[in-house]
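Chains as they are written, first to last, in this note's numbering: chain C, 1 to 341; chain Y, 1 to 223.
To be clear, the hints were calculated from the coordinates, so they are not data collected in a lab. Don't be surprised by glycine CBs; every beta carbon is placed ideally from N, CA and C. One or more hints might be untrue.
[Unchecked claim] Across the chosen pairs, the derived CB separations fall in these ranges:
1) 171(Y) <-> 209(C): 53 to 63 Å
2) 113(Y) <-> 70(C): 43 to 53 Å
3) 112(Y) <-> 309(C): 41 to 51 Å
4) 20(Y) <-> 338(C): 16 to 26 Å
5) 283(C) <-> 116(Y): 48 to 58 Å
[To be verified] Covered by chain Y, per the in silico footprint, the following chain C stretches (three or more residues, Cβ under 8 Å):
6) 47-59
7) 234-243
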Amino acid sequence: MTPGVSCCTRAGYMCTIEASMTDYRTDQDQNITTQQAMTGLPTLTESSIVPKRSIAGRALVAVIAIMSFLASLTTGAVLLVRSAAIDWQSDVAREITIQVRPTPGGDLEAEVARAVEIARAFPGIGEIRPYSKEESARLLEPWLGGGLALDELPVPRMIVVKLASSDGIDLAPLRKILTERVTGASLDDHHAWIERMRAMARTTILGGVGLLILMLAATVLSVIFATRGAMAANRPIIEVLHFIGAKNGFIANQFQRHFLVLGLEGGMIGGGLAMLLFSAANIAAGMSVGTAGGDQLAALFGAFALGIGGYVAIIVQIALIAVVTASSSRWTVDRTLEAVG
Amino acid sequence: MGEGLVRFENVGLRYGLGPEVLRDLSFQIEPFSFQFLTGPSGAGKTSLLRLLFLSLRPTRGLISVFSQDIATLSKDSLATLRRRIGIVFQEFRLLDHLTTYENVALPFRVMGKDEASYRGEVVELLHWVGLGHRMGALPPVLSGGEKQRAAIARAVISRPQLLLADEPTGNVDPNLAHRLLRLFIELNKSGTTVLIATHDINLMDQYDARRLVLHEGRIHVYD
């Protein structure tokens with residue numbers, strides 16, 4: 001196929017252009033027929049209409065990654081503290097203490113044995129652990145020193161009772177029986193401690209949720225402004241697409257898709273790093289079990305285990321950030337299109 | 001007065017609460033015609049061009065393009081109508097991250113056409129405008145003349161009925177300007193209505209065509 005023949009089959013349009021553009025054609029052009037051009041040239045793949053790797057795009061990914069990382073850390077920390085607070089509360093609530101005080105002329109060992117028997121017979125009671133004389137002495141050792149002769153002191157004996165469930169049982173009958181049948185016995189259900197623990201846990205969780213809301217708001221706002229900044233560089237593209245007859249929906253979809261990918265990319269980098277950090281902390285906590293520091297941390301924060309729920313929350317957060325990024329780009333495209341007509 | 005390809009009736013335009021930049025414009029652009037739009041800087045050429053390529057709506061009066069009153073059209077309908085109008089900008093407005101081939105093919109992509117259906121046509125046109133060997137080149141490495149030819153190729157690839165050019169020779173040397181004018185004349189002869197906005201008297205003197213002269217927001221037509 002020669003250029004002349006091929007062009008004249010296109011309703012004279014190409015013929016016209018050929019006639020006026022002969023001066024421009026280089027030797028290469030004149031030696032290449034259309035067919036050759038279509039088959040002999042490297043593949044002309046179509047690039048994305050929105051530039052994939054711009055400086056503004058990379059900066060946006062970095063901002064999203066940093067904010068996602070911080071937001072994910074906050075989410076994870078809040079979930080850990082919440083779970084630890086619930087565990088502390090539950091541990092305390094599941095435990096009651098029976099105290100048997102020595103009475104003049106009374107047999108403390110017999111009173112303790114009776115109290116254990118009564119408690120064991122009461123429904124809803126799990127494990128019972130009476131502290132022996134030696135164990136009681138060891139409990140007092142830090143304050144009173146070693147080699148303590150307990151017989152000379154009116155030291156009460158403790159019986160730690162674990163409840164079978166944390167649902168709570170009515171302990172009033174048990175308290176009444178113990179008072180009636182065991183001399184010097186009293187029951188402490190840790191009510192005051194539980195209330196204080198509950199208040200502390202509630203405050204901790206509320207504080208954490210407040211912090212998380214602030215962090216998410218900061219993340220969303222930074223993502224919106226960073227996206228709008230990145231979009232400013234794309235205004236000429238929006239205008240050109242508009243002038244050559246692209247519909248608003250087409251233009252908005254191009255940018256929305258592109259920015260959704262950028263949002264996901266940044267979110268996955270930041271959120272992924274946070275998830276890795278929590279996994280590493282979990283492994284490190286597991287390895288430090290038995291050490292003083294490890295046990296202290298475990299008592300405060302558990303095993304640093306986020307659980308499936310925590311990881312799902314971070315993944316949802318990544319998706320949310322990607323959606324915010326895409327929506328911001330769409331909003332900016334709409335505003336730009338309104339400005340250009 | 002016949003229908004015309006484009007019809008303006010008592011059109012006025014103002015930006016916001018400012019003064020009218022265009023006043024009482026009434027004229028027609030007939031199918032297959034060729035005209036220059038000229039006037040001093042600040043006379044309103046760019047505003048009139050924006051009205052012509054449907055990027056602005058007038059604050060008063062009637063504009064009919066391809067027999068359709070643009071005031072009654074939705075944004076999507078305006079976009080569809082815009083596909084029948086080719087635009088060449090003085091500053092080319094090529095997308096720097098797309099190759100010459102991709103820039104010229106852009107009007108087909110926004111129409112949602114499959115690449116296989118237009119690839120041959122784009123390659124062919126690029127050869128005819130002398131850019132066959134520059135198909136894979138990015139605009140920043142093209143010369144001014146090459147950029148302008150790529151911009152013209154993009155404007156005419158979808159065979160528009162109306163071709164608008166805003167100072168198309170503003171950034172090229174007189175020799176290239178003359179050859180670009182020849183191209184526009186040939187496109188007109190093949191059936192495309194052409195309007196060239198320019199303040200280059202030499203360019204207008206090279207071809208005897210209708211002149212629309214804007215002065216202080218008003219238009220004077222010299223057939």
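Hints versus structure:
1. Checked against the hint of 53 to 63 Å, the C-beta distance between residue 171(Y) and residue 209(C) comes to roughly 60 Å, which is consistent with it.
2. Hint check: residue 113(Y) to residue 70(C), Cβ distance near 45 Å, so the stated range 43 to 53 Å holds.
3. Between residue 112(Y) and residue 309(C) the beta carbons are some 43 Å apart, a value that agrees with the proposed interval 41 to 51 Å.
4. Taking the beta carbon of each, residue 20(Y) and residue 338(C) are about 22 Å apart, inside 16 to 26 Å as hinted.
5. Taking 48 to 58 Å as the suggested C-beta distance range, the pair residue 283(C) and residue 116(Y) conforms, at roughly 53 Å.
6. Counting residues of the region 47-59 of chain C whose beta-carbon sits less than 8 Å from any beta-carbon of chain Y gives 4, enough to reach three: the coverage restraint holds.
7. Note: the region 234-243 of chain C has 7 residues with beta-carbon separation from chain Y under 8 Å; the three-residue rule is met and the coverage holds.
No hint from the list above goes unmet by this structure.
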